[in-house]
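Peer 1: Sequence:
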Amino acid sequence: MSEWIGINRRARRCYGFDEISLVPGRRSINPEDVDTSVELCGFKFDIPIIAAAMDGVVDPKFAVEMSKLGGFGILNLEGVYTRYEDPYEVIDKIVSATDEEATRLVQEIYLEPIKEELIYKRIREIKEKDAICVVSSIPQKATKFGKIAEEAGADIFVIQATVLTVEHFSSSYESVDLAKFCKEMKIP
Numbered sequence: 032m033s034e035w036i037g038i039n040r041r042a043r044r045c046y047g048f049d050e051i052s053l054v055p056g057r058r059s060i061n062p063e064d065v066d067t068s069v070e071l072c073g074f075k076f077d078i079p080i081i082a083a084a085m086d087g088v089v090d091p092k093f094a095v096e097m098s099k100l101g102g103f104g105i106l107n108l109e110g111v112y113t114r115y116e117d118p119y120e121v122i123d124k125i126v127s128a129t130d131e132e133a134t135r136l137v138q139e140i141y142l143e144p145i146k147e148e149l150i151y152k153r154i155r156e157i158k159e160k161d162a163i164c165v166v167s168s169i170p171q172k173a174t175k176f177g178k179i180a181e182e183a184g185a186d187i188f189v190i191q192a193t194v195l196t197v198e199h200f201s202s203s204y205e206s207v208d209l210a211k212f213c214k215e216m217k218i219p
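At position 56 of the sequence shown the residue is numbered 87 (our numbering), and the sequence of numbers has no breaks.
Since the hints were made in silico from the structure, they are not lab data.
Since the structure is predicted, the reported quantities are computational estimates derived from the model, not experimental observations.
No false leads were mixed into what you were given.
Straight-line distance between alpha carbons at most 25 angstroms, and here's what the computed BS3-like set of lysine-lysine pairs gives:
1. Lys146 - Lys160
2. Lys172 - Lys158
3. Lys152 - Lys124
4. Lys172 - Lys146
5. Lys214 - Lys75
6. Lys178 - Lys152
7. Lys214 - Lys175
8. Lys152 - Lys217
What follows is a list of derived Cβ distance ranges for each label pair:
9. Asp123 - Glu34: 45 to 55 angstroms
10. Arg135 - Val69: 34 to 44 angstroms
11. Asp208 - Glu148: 22 to 32 angstroms
Yeah, the Cβ is synthetic: ideal placement off N, Cα and C, and Gly gets one too.
Make the full structure from the sequences, and use the hints.
Peer 2: Structure representation (C-alpha cells):
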C-alpha cells in the first residue's frame, strides 16, 4: 500500500482524524474485545497516543501521567525544563504576558543556555516515578543530547524535525549521521 515518492523511496499515505469517517457496518464488536495497544521499540503502550515534544504540552509530570495512562509524552530537551531550575516560574511569566509582550518574552527565555545537569534531573524525575521516559532534540544536537539522555536513563530518544532524511548536507552546521547515531545509541 505504499507509493513511490522518489528514486528507490516509498511511503505510505497517512490520514488525520478529520479525513476519516466511521460508518456502521454489518458487524459490531464488544469494546472490551478491542485492543488499541501498540508496541514501539520493545515497549508496549496501552493507548496509541503520543503527546508532542512541546513545552506547552509535555513537562516531566505530564510525561509520568501519560505513561501511567498507557501512552507517552515526549519531553523536549531543548525547552524551558532544561534551561531553568524552576521552569514553572518562567511558564507563568509567558502565560501572564500580554500579546504584545509574549513574542519578545519567549525569545528572551529561549536565549538561556541548556544545562546538562537539568537534562539529567528531568529524566530522573520521570524515571523515579516508574514511567517510560521518552525525550527528544533537534538533529543538530542529537549526538550530544542523545548520549546524555542515554546516560541519564531515558528509554527512547526521538530526533525531532519537520523533515528528516537519512542523509542531510549543510555548509553551516554539522548534520547528524542517522545510521551511525542509531548504531551507537544503546536506547532506541
